[in-house]
Structures are given as structure tokens and as C-alpha cells.
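For what it's worth, the working numbering labels the leading residue of the sequence shown as 1, then goes sequentially.
What the hints contain is simulated information worked out from the structure, not anything from laboratory work. Don't take every hint at face value.
Pair ranges (Cβ atoms, derived) [said to hold, decoys possible]:
no. : residue 1 : residue 2 : range
1   : S120      : D88       : 18 to 24 Å
2   : I28       : I113      : 52 to 58 Å
3   : K127      : A73       : 49 to 55 Å
Here are the simulated SDA-like pairs of lysine to any residue, each with C-alpha atoms no more than 25 Å apart in a straight line [to be verified]:
no. : residue 1 : residue 2
4   : K111      : D77
5   : K127      : N109
6   : K22       : H75
7   : K127      : D77
8   : K111      : C125
9   : K111      : D89
10  : K112      : C125
These figures come from a predicted structure and were not determined experimentally. Ideal placement from N, C-alpha and C gives every residue a C-beta, glycine not left out.
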Amino acid sequence: MRVSQEKTKKVTMKVKSNLFLKEETQIIIHHWIRTLNIKLGWIKDFDKLVVNYISTVLFETFRSSSKLINEFAIHTDIVWRIDYSTFDDYQFICSGSEDNTVRVWDVDNNKKIQSFNEHSSGVYCVKFSSYHYHNHRQN
1 MRVSQEKTKK VTMKVKSNLF LKEETQIIIH HWIRTLNIKL GWIKDFDKLV
51 VNYISTVLFE TFRSSSKLIN EFAIHTDIVW RIDYSTFDDY QFICSGSEDN
101 TVRVWDVDNN KKIQSFNEHS SGVYCVKFSS YHYHNHRQN
């Protein structure tokens, strides 16, 4: 009878231990959710955290292994965004800045080839479009 009581006691302890681990896991998850300010549907927010982490690591790896080739210094304030494109054999960079301007640069000769100065505030996004080039170029 004593063996049976010991087995029952061991099973009871194991069940209590498993319940404690489940409760502890729930407490940890709730803490993470509160700490990270994650709402219900947290898996999407968790995905964002993972993507942001990966983006940061990839950018830092790219940045640390890169070298400065050229510098374009005409903007008078923070450059928020750049875009790079090639048309035929020409390379261009477009930059948008807090100084309310967009500038287009010829990469090969390090010259500004176009300025757009009529923005009422900083320019936070720039993007080349191949539409005009493909529809209006002269062969």
C-alpha cells in the first residue's frame, strides 16, 4: 500500500509541476506582451519585431562591410531617402531632403542634373519610375 501512495504522490507532484510550468509560461508571455505593448493578434506584431531585427542586422552587416565611394553634398538639411536607378548606360541617384528639395544626381560624373525646389515641407520618399523612360525615349 505504501508503494501505491508513493506512486500517487509522484504523479500528483508531476501534475502540479506541469501546471506550475504552464502558469509560469503564461506569466512570461503576458509579461512580454505588456513589455512590448503587443495587442491581441500579437503574431503579426511579433513578425514585425523579427523583421525589424533582421533588417537592422542586415543593414549593419552591409554598412560595416561597405566603403564610401562618392559623396553628394548640396542638400542643406537631413536627407531622408534616396533611390538608385540605371537608364541605358547611365546611373542616377535621386535624393529627398528635409530642406524641401528633391535632387537627381548623375553618379558617373558626380553632378547634380535636376532640382525640384517647390515642396512645402521635407521630402520623405523618392522613387524612380521607368514609365516615362520606356514610353518617351528616342531610339
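Hints, one by one, checked against the model:
1. A C-beta distance of roughly 34 Å is found between S120 and D88, which places it outside the suggested range of 18 to 24 Å.
2. Our hint of 52 to 58 Å for I28 and I113 holds, since their Cβ atoms are close to 57 Å apart.
3. The hinted range of 49 to 55 Å is not satisfied by K127 and A73, whose Cβ atoms lie roughly 22 Å apart.
4. Between K111 and D77 the CA atoms are separated by roughly 19 Å; this keeps the pair inside 25 Å, and the hint holds.
5. For the hint pairing K127 with N109, the CA-to-CA distance comes to about 21 Å; that is within 25 Å, so the pair holds.
6. Straight-line distance between C-alpha atoms of K22 and H75 comes to about 57 Å, which puts the hinted pair past the 25 Å bound.
7. The suggested pairing of K127 with D77 holds, with an alpha-carbon distance near 19 Å, which does not exceed 25 Å.
8. About 21 Å separates the Cα atoms of K111 and C125, which keeps this hinted pair within 25 Å; it holds.
9. Taking the CA atoms of K111 and D89, the gap is near 16 Å; set against the 25 Å cutoff, the hint holds.
10. The straight-line distance between the Cα atoms of K112 and C125 is roughly 18 Å, inside the 25 Å bound, and the hint therefore holds.
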